[in-house]
Amino acid sequence: MKNRYIIPKFFLLFIALILSVGTLSAQDLDDGKNLFKVNCASCHAKDMKSKLTGPALGGVAERWADYPEADLYAWIRNSQALISTGHPKANELWNEWKPTVMTNFQNLTDDQIANILGYIDGVAAGTYGAPKVDPNAPVAGVQAEETDNTLLFTVLAIILALLALVLTRIVSNLNYLAQAKEGNAPAARQTLVDTLTSKGVIGFVIFAAIVLGGYTTVNNAIGLNRMQGYQPEQPIKFSHATHAGLQKIDCQYCHDGARRSKHSVIPAANTCMNCHKAVKVGSTYGTAELTKIFASTGFDPNTDKYIPNYEEMEEEDIAKIYKKWIVNSFVQDDNNKTKYSALKISDAAVKAADKQWDGIVSSLTNDQKKQVQGPIEWIRIHNLPDHVYFNHAQHVTVGKVECQNCHGKVEEMEVVGQYSPLSMGWCINCHRQTEVKFADNDYYDSYEKYHEELKDGVREKVTVEDIGGLECQKCHY
Amino acid sequence: MKNQKQNVWVGTETLKNDPAFLELAEKEFVDDVKDMQAADNSLEANRRDFLKILGFSLGAATVAAACDTPVRRAIPYVTKPDAIVPGVATYYASTYVEGGDACAVLVKTREGRPIKIEGNSQSSLTGGGTSARAQASVLGLYDVARLKGPKVAAGEKAFDAISWADLDKAVSGKLASSRNIRIVTNTILSPSTKRAIAELQAKFPSAKLVTYDAVSSSAILQANEATFGLKTIPNYQFAAADVIVSLNADFLGTWISPTEYARDYASNRKLKSIKNATMNRHYQVEGHMSMTGSNADHRIIIKPSELGASIATLYNEVAALTGGARVSAPALNDKAKAALKIAAKDLAAHKGHSLVVSGSNNKGEQILVNAINNLLGNYGKTIDFANASNQRQGIDADVQALVKDMNAGSIDALIVLGANPAFDLPNAAEFAAGAAKVGLKVSTAGLLNETSVLCDYIAPESHYLESWGDVEAKIGHYSLVQPTIHPLFDTREAGLSVLTWTGSTNLDKNSDSPYYDYIKQTWNAAFAQQTAFGSFQTFWDNALHNGVFEAPSPMEGGTFSEAVNVSGIKVSQPLNTELEISFFETINMGAGQFATNPWLMEMPDPVTRTVWGNYLAVPVKWDGVRSFNAFNGLNEEEYRGKADKVNIEVNGISQTATAVRQFGQKDGTVATALGFGRNTVGETGKNTGNNVFPWLSTDADGNTQYYAAVSSISESVEVDELFACVQYHHTMGVKGIGVDGDEINVDEAATVDNNILARALGVTGFQGSLTERSVIRQGNLNELEQFATDLVHEREHHQKLNSYGLYPDRSDVYGNGHHWGMYVDLNGCIGCGACQVACIAENNVPVVGKVEVARHHEMTWMRIDRYYYGDYENPNVVYQPMMCQHCDNAPCENVCPVAATNHSAEGLNQMAYNRCIGTRYCANNCPYKVRRFNWLDYTTADLFPSNEYAINGEETPYGADNLTRMVLNPDVTVRSRGVIEKCSFCVQRIQEGKLTAKRENRKLRDSDVRSACQTACPTGAITFGDMNNPEAPIAQKMKSALAYKVLEEINVLSSVHYSAKITNKNSELA
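Going down the list, the protein sequences come from chains P and D. Positions 4 to 480 (my numbering) are the ones given, in order, by the first sequence. Positions 20 to 1089 (my numbering) are the ones given, in order, by the second sequence.
No lab work stands behind these hints: they were computed from the structure. For glycine and all other residues, C-beta sits at the position ideal for the given N, C-alpha and C. Don't take each hint at face value.
Said to hold, decoys possible - Estimated spans, in silico, between C-beta atoms of each pair:
#1 P:S426 to D:A93: 16 to 22 Å
#2 P:N152 to D:A93: 54 to 60 Å
#3 P:K251 to D:N565: 42 to 48 Å
#4 P:K452 to D:S1026: 22 to 28 Å
#5 P:K458 to D:E1050: 20 to 26 Å
#6 P:S426 to D:L70: 33 to 39 Å
#7 D:A217 to P:E317: 29 to 35 Å
#8 P:K452 to D:L77: 32 to 38 Å
#9 D:L77 to P:S426: 21 to 27 Å
#10 P:K340 to D:P89: 45 to 51 Å
#11 P:K452 to D:E702: 54 to 60 Å
Said to hold, decoys possible - DSSO-like, lysine-lysine: derived pairs with alpha carbons at most 30 Å apart:
#12 D:K1017 to P:K452
#13 D:K99 to P:K280
#14 P:K373 to D:K99
#15 P:K251 to D:K1058
#16 P:K327 to D:K99
#17 D:K1022 to P:K458
#18 D:K99 to P:K308
#19 P:K452 to D:K250
#20 P:K403 to D:K1022
#21 P:K240 to D:K1017
#22 P:K412 to D:K1017
#23 P:K49 to P:K101
#24 P:K403 to D:K1017
#25 D:K1056 to P:K452
#26 P:K452 to D:K819
#27 D:K99 to P:K372
#28 P:K372 to D:K1064
#29 D:K1064 to P:K403
#30 P:K452 to D:K1064
Modelling step: build the complete structure from the supplied sequences, incorporating the hints.
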């Protein structure tokens, strides 16, 4: 009988599947993912395919395959050191990416680097989950323990489906055999197609589709408009990593609303001018980005004076001023002096100026705003719905919450993205767990009961929830 | 009195116990589908349409869900102004001014955009109080009907744009060649504008200033000139008066300086203690029920034409008691005569502590009023000239002379400074005819009106919130107007226009702000009056910061001239016609200048409770048992939103007017409001009532008279199906007669009648047979102690009943931290509606329009209920501001299927709009009927444009265009269609106040949190605060023996306390 071996066959397949799941889960890619997010993601794109501040990391192991594995590890720990040894791959990379210096990661262990590289490979090859940042990565003060089990569930579902199929076939065969034994053989055996098109199966599939569809719809609807990880390109390549990280400028120097207003406030262009009247050429982009601020405010870097009646000027006249500045800066740049000959440098400067000016115009103008003069229209990253009231002063001045709690390590971000989900659940969770600094503020004296309970030891702490932090009209009115 | 009734009522149907009315009053929502379809065909929908819409919505939702999230931009300043922190409000001191109407205010601006008016407590005139007009003025800034720039006439009522330079050149050129120039204006309170006009007069000596007021006090000015030699309005001190007799003067609503008078009046009316309590006694002599009359202890009802007779009678009675010459008094109805005799006795007993005022516009009558005050020794005590008022300066005879001159063709240039004489003069048509004969006509009106369309040039003035300006409302009371926003349109101050046309040498044309410099020059005079500041700059900075500057007045005088021969004075004779009509100014519409302000249009008149138009108040007469006779049997179905239209003819002009039943209206008289029925006006003001100015007449002195004989009134000619009167909307505590003849509560009739168990047990009523529900509690001063004791006992009884309730005791939760509460002093509340408009402004409450109001869809979070009590024919009135009571056992919360409304630990009844699915169960279960449902998308907040259909046939709903939306408060959600909304106790202000305290590391002070209604109130009747803070005024006041809670017996534990209404009736008159 042909069908005698069907059961052992499926059994083998089943074992093989279980083994494959085992090999997949043995890799510690989740650790690599977390490490990547914390250390690498501010410069390297998370999809491993596109360039950001640093190169795309997909296939990095192959690219370094010609050298000992230790070289790549050394490069990750201290790239400049490797460059200085004259390592050919290291210098190749440096020539392509200078002057951007890769951050040193001296404290990463070999295992950790291996995990990161494993994760990079996994993402690049598409074998590791979705190339998205985990929304449940630990937020300071908030515990989030949830791993991605989608793969496991899928495999289980496939196995169960196969099992069901096998069992159906067995039942069908046994029926057939039993009937054949009794001598009254039916006209035809129930085929696989018959089974799959039976009312029961179709009904079950429809039911499952409705349940799954409903579940997916609701889940996606809840997530609508949530933009965690939103990292748009801004009109000016302003680097928080340089300003807040390297230069250690306090967040509230520029975002001066945070301590006294509901808005943290995008700083006005004249706040930039406090420093950039003096720092007129940027370390990374030279004149390309900083000239945008000058063009917005009407500051003439050639003369260090504001241009009178700047609002009314024609674009050609403005272009002349700033192109002159770019050309002069270009010519005086030591790098350019070595790169170009004395004859060619002015041509190159003019070309650079034209190119940069085009960039300035496209950054400072749009369909609504036709002229370069006037405010810089930044892309808003953190968008709360209109019916949500959020007050920065309450959190920053009263609650003494660190900016990084919600915004992540902005001082390490070259391009700022939305770090937190900004969902209501996220807010509520924090309100549940955050302790109110009751003793520090006389305002809370009116909560006499809590003060007594704290004194008597009945109560350990007062959370935001205890003083009404979960009530609707704290945030919605 | 035979017609006395102890209980309160709202209208005729309450007394009649009309079963249909009782049935209607039971319902929270009047879902008369047939009526709705009749009102608007676009609402017609069948099952197919429903399926179509369902399909569309599903599709639209899918498409919307699939769309990318839009890219939003954050646009910072280039150079951030120091004074602005985005997200934090900045306040500027300024002065609301409209003709003779002025109020020192603080303007709240957000990101440089004025959004709310608050009172300026630095002003000793208003003490921080405001009026409904001042509150609504911020919306006037964003009026879509405003002129966008200067205009030049181009044919019949058509205008072209012109540049200011061209306009100035043309006007000054024509002025130079004019031989006879007139400047016509309403009262000007600005010293700088007056100085500018004086400069123009100096340059063109033929130029004469003609001042008039649409609702005039011309006779008072003339009488004071005759008796004191001072052509001015004196300083009336209502706070110092213990007995006030007002002869048709609506001094709490519209007369001269109502915000100031209301504050003074209420200060002597709010009770400070129960034992030995004192308060003023107020007699009001009038024909129709004015807002002031509704607050009086005694109303003495007369026909409008009997005003002269009553003044003369009162004078004679006072003279008899104090020894003065008599005058000949025309006949007066006996009831009024007897009452005046008692009032005169009361006055004479309070010599020097009494005050007699009159709204009469007859010179002789006003001289008699002065003589009465003189006999009573009130001058120097309750009336003085030291801080005389500038608020009315118009002389009617001047403008009548102007109309005559214009028609004679002797005027060749006319400058109209904002006034609208082609609408608001009794002979407006003659003015219009005369204007055609004037060579040059210029108007400075900011909006197109009946006068400016007649002009050759329009030089639109800026709104006061965009202008520099100054005000001297009373002698020595200076205040400044400062701009809070750059002019939205190409407009400028009227004073600047005058100076430009004059070619003034005092105007520095090269200055950045020439008019500002000019005002500073003017203020040198005020600087000279003071010694506190050494340099002008510090003086100026201080005045600008405070908004006001008060100097001791140099003005002396005020001795009654003995030369006045009182006995020779003639007063007006009563009309011997069957029917009379009186005309009055309403607090919201003035003389028509607020016709484009939808907040004021939709603010119910305090007495008639009607909106969007003027109505003909007709008297009702009671037999005292169960039936009544309304005039001509009109308005049988008023409570159903149906009123009768009648044709009424006065002065040979017939108009069709909608009637409204009015208690306290003298039989044989009708009354209607001025200022409605504008025809050259923005969309908001169109088709709103009748223009009754043509019905006015002038007397021998040229003074406008505000009453007339009615030639005829027809029977009902038509039924007005859209009678927009909120009197019968959201009624609560209405009593009716049950099936077995017992008195029951209408809204619980079903509970009683259908409850078999209750019937078997012989229980009637609800919750322990409490049919006498505590909505209004009223008493009289002479029985105050007993009244207070009874009230305390009643409350104890209620609280005892409540102690058997099923609700868990949560007092430990509310006792910790804050517990917000409110206290409303019904003796302080005069019904002026300032709080209601303030609430609308603060909380983005939508305007819904007349049709929607008629369908019970008004959205106001706070309403002012008006109840009558006492004599059927001449009742007393009590106003009750009614807003969400924030019950700690809130019935609305238990019935919400999605928990969209729930309670906070601070005692707030919260409403989460985005959770609300619109079942309206909560509104049905609210005993106070204060929850409002967004039937339509009034503010176009909805995502899908298909939901934004024209509400009253208008292209864009009120407040939906981008200009008007600038007035929205960014801290309050703009609710979209299909959710319930209600008073939040201004939770945004609570949050702000708490944050301020936290940031300053201190305990919350009572002054940190003040609700919008509280700050707006001119009389300080509303107190808001933390009931847990023993130092807060609210905690003290709620302990008063006169405090009670509305419907306390139903155990909802409301957080709003009211104090009983106490009158000070004269036992001789009671």
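Taking the hints in turn, this is what the structure says about them:
no.	hint	verdict
1	P:S426 to D:A93: 16 to 22 Å	holds, 21 Å
2	P:N152 to D:A93: 54 to 60 Å	violated, 38 Å
3	P:K251 to D:N565: 42 to 48 Å	holds, 44 Å
4	P:K452 to D:S1026: 22 to 28 Å	holds, 25 Å
5	P:K458 to D:E1050: 20 to 26 Å	holds, 23 Å
6	P:S426 to D:L70: 33 to 39 Å	holds, 35 Å
7	D:A217 to P:E317: 29 to 35 Å	violated, 47 Å
8	P:K452 to D:L77: 32 to 38 Å	violated, 51 Å
9	D:L77 to P:S426: 21 to 27 Å	holds, 25 Å
10	P:K340 to D:P89: 45 to 51 Å	holds, 47 Å
11	P:K452 to D:E702: 54 to 60 Å	holds, 56 Å
12	D:K1017 to P:K452	holds, 19 Å
13	D:K99 to P:K280	holds, 17 Å
14	P:K373 to D:K99	holds, 21 Å
15	P:K251 to D:K1058	violated, 57 Å
16	P:K327 to D:K99	holds, 28 Å
17	D:K1022 to P:K458	holds, 20 Å
18	D:K99 to P:K308	holds, 19 Å
19	P:K452 to D:K250	violated, 65 Å
20	P:K403 to D:K1022	holds, 18 Å
21	P:K240 to D:K1017	violated, 38 Å
22	P:K412 to D:K1017	holds, 28 Å
23	P:K49 to P:K101	holds, 21 Å
24	P:K403 to D:K1017	holds, 12 Å
25	D:K1056 to P:K452	holds, 25 Å
26	P:K452 to D:K819	holds, 27 Å
27	D:K99 to P:K372	holds, 19 Å
28	P:K372 to D:K1064	violated, 57 Å
29	D:K1064 to P:K403	violated, 42 Å
30	P:K452 to D:K1064	holds, 27 Å
Violated hints, listed in ascending order, are 2, 7, 8, 15, 19, 21, 28 and 29; each of the other numbered hints is respected by the structure.
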